[in-house]
Amino acid sequence: MIKAENLLKKFGNTVAVDIPELSIREGEIWGLVGNNGAGKTTFLRLMVDLLKPDTGRILSKSIPVYQSEHWKSYTGSFIDNNFLIEFLTPLEYFKFISRIYEMGRNDLYEKLESYDHFLNIKTPESSKYIRQLSSGEKHKVGVIGALLSDPEVLILDEPFNFLDPSSQIILKKILGSGSRNKTRTLILSSHNLNHISDICTRVALMEKGKIIKDFQNNRESMSEIEDYFRYQTDKS
Amino acid sequence: MFINFIKHSVKSFLRNAAFELKLFLKVLFAISQLYLFSALIYLGYDFQNVIQLYQSTSDPVTLFNHSLLHICTVLFILQVFSLKNPLSALLAYLHLPVKRNKLVLYILLMSISNYFFIGLLLFFVPYSITTILPDYSTQQFLFYFTGIIIIFFSVGYFSLLIRNLFGISFVYVILPVLLFSGLYFIDLFLDISFTGMSAFIFEQLINKNLYFLILLVLILTGLLLCNFILLKKDFYRIYQNQKALLNYSVSPRSHYFRENALFPYAILEIRLIARNRRPRGFFWIAVFFLVMFCMIIPRADKDLYLTFLVYILISGMFGYSFIQFLFSWESSYFDFISSAKFDIIKYLKAKYLIYIILSLIVFIIYLLVVKPAKAEIHMFFSALLYNSGLGYFVLIFMASYNKSRIDLNRNIFFNYQGINSVQFLGVILIMLIPCLILFLLLLWVNLTHSLLIINFICIVALINQKKIWKIIHNKLSQRKYTNLEGYRK
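Just so you know, the protein sequences line up as chains X and V, in that order.
Taken in order, the first sequence gives residues 214 to 449; the numbers are from this note's numbering.
Taken in order, the second sequence gives residues -16 to 472; the numbers are from this note's numbering.
No wet-lab data here; the hints were simulated from the structure.
Some hints here could point you the wrong way.
What the hints assert, rightly or not - Cβ-to-Cβ under 8 Å is the rule here; a few derived chain V residues that face chain X:
id, residue
1, Ala249
2, Leu251
3, Asn259
4, Ser315
5, Phe317
6, Phe319
7, Ser321
8, Ser322
9, Ala323
10, Phe325
11, Asn392
12, Leu467
Please read these numbers as outputs of a predicted model, since none were measured by experiment.
Virtual Cβ for every residue (Gly too), placed ideally from N, Cα, C.
Using the sequences provided together with the hints, build the complete structure.
Take a look at the structure:
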């Protein structure tokens, strides 16, 4: 579904991403973990064509993302607040997304109703502009915006950040439900190993732009990652 | 069968979602409609006294007859741009054993049973009875009445024809534009005005010119025939694909927006301007300068080049104010624009249309407030055409080099964020170039011809705008990563 080939991105002399080969299959939930500055967000930005790689390329359904814009019709993403149109209310933002993805009005309201327990758009809070919302609420709006078109590929950067514990649990359910029946390929990054281990089928560990471990999610692999971080902490 | 159709139409009107209002609003709506219709009837009945309240010297017959073509133009525009294609109401009957000719005849009947047409008749019938009949013979009255009614019907069927052609392709918008531009230029250069033509029609009818009446009947018959043939063909085309079906269920205006999906983008742009301090500030500053320029506007006979420059500035005030900061306005959500299924060209087209509409509003206000001479109108029109056909496109192209961020909700004063000297100089150059062209052309030909040459160049650019948008798109794609990097800073 998604492939990276000889991917290299540098900022000055610093290597941000260096991935010679990576393949994410259809229906996989691929979690990316790593310390701050490991290159996770840069990699996700490369995936959605927000950065130009120095060498190599990212392929979505075998087509380079910079070559065609077709991938946008089946890909949803939320990386940071630059994905939000902050002078709209949440409902206006969702309506706008539904219009550009050619969704029907009923379809939109059905979808929003299904995410009601995560973000209720009928509360007085939702009549505010997005810029007036709290960080957590903004984050929820961004995540729902990415989910709204029911994309085949969903790319989320730190989706659990700013969320309260209940919302984290609900989001895990939402993300898991779409991918459980293998209809959606989910790519997400997080600092939180627990969240990653709870929902991902495959986990990759990134450090200094390189993927140093990439394996199926099971108890051994997760304890191996935990050991890695413990070792790093002890070393420093 | 016709009775059933009419019953269904009445039910469809009364059960329209728009009427699902509170009782108070329903009553208010009904009273306002009643008031409007009564006012029209009264205006027609007592036209002489009503106009004497405002223009004591005007003769009501002369006033109406001189305004006839203006009235027809307004009727045409209102019908074309705000009415649904009546075919959409008959989709359900296509599967029933009803003769298609009957359906077409019903459409022809219904297409003139609209709000605007009925409103006009409510005025015209009492007007002609109380104002024309007492002063002329019955025969003259009948000639006049029949002729004018035929003209109104022709306008109705011409608008239906255009709406039908819109269903095939929006390119046919060129037909009414050509017609009105033709009339405008006839007025401007041949000194045959709308008023003169209206007076001519009145004279022919009141003098019982049978040939003229036959000509009007022939025009109406031709329009009816064209509509008949086209509508019959439409029945076959309508189910060819879903898109065609969609085209028929909306008015041409919304069809254009739906077909080009510009509407959500246009709304986004309006919200961007209205809800953020800095763009809102720019808007009000533009309004302030417009008012100021309208007060001190130079006259063409005194300073030709300065006048042309001021016209370019005034007609493009909103466009120049906003387009020079294009994409910096969007910098806070450009990541979304670049990674979602966001059609940047449609967004630009929506912006472009909004600025053209604003320029047209300025043009109309200018005509009403300044009351310029014909040559000045042509000059202003040329400036407007230059901005729409070339100026805005060049500025949009240049905007692809903007890579500085603008925080939308900051104050406008003493805020230099996003201000780019290259863009600023670019705007000045874009405004000076047509003055330079005018200067060069005036060495060879007179002012009218020089302006016509500039008009021609702009029209050629407008016709080729598809290519221009493609060039802009390519440049934007090239600059995408550099700009994104700038916006994140």
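Right, here's what the structure says about each hint:
A cut of 8 Å between beta carbons decides the hint on Ala249 (chain V): the least distance to chain X is about 11 Å, and the hint is violated. Hint on Leu251 (chain V) holds. Least Cβ distance to chain X is approximately 6 Å, under the 8 Å limit. Using the Cβ-Cβ criterion of 8 Å, the hint placing Asn259 (chain V) at the interface with chain X is satisfied: the shortest such distance is roughly 5 Å. At about 6 Å, the closest approach between the beta carbon of Ser315 (chain V) and any beta carbon in chain X falls short of 8 Å, and the interface hint on this residue holds.
At its closest, the beta carbon of Phe317 (chain V) sits 7 Å from a beta carbon of chain X; the interface hint therefore holds under the 8 Å criterion. Interface hint status for Phe319 (chain V): upheld, as the beta-carbon distance to the closest one in chain X is roughly 4 Å, under 8 Å. The restraint placing Ser321 (chain V) at the interface with chain X holds, with a minimum CB-CB distance near 6 Å, inside the 8 Å limit. The beta carbon of Ser322 (chain V) is positioned within 8 Å of a beta carbon in chain X (closest approach about 4 Å), and the interface hint is therefore held.
Checking Ala323 (chain V) against chain X: minimum C-beta separation of about 6 Å stays under 8 Å; hint holds. Satisfaction of the interface hint for Phe325 (chain V) is found here, the shortest Cβ-Cβ separation to chain X being roughly 6 Å, below the 8 Å cut-off. The criterion of a C-beta within 8 Å of any C-beta in chain X is met by Asn392 (chain V), whose closest approach is roughly 7 Å, and the hint holds. Contact between Leu467 (chain V) and chain X, as hinted, is supported at the beta carbon level, the nearest pair being about 6 Å apart and thus within 8 Å.
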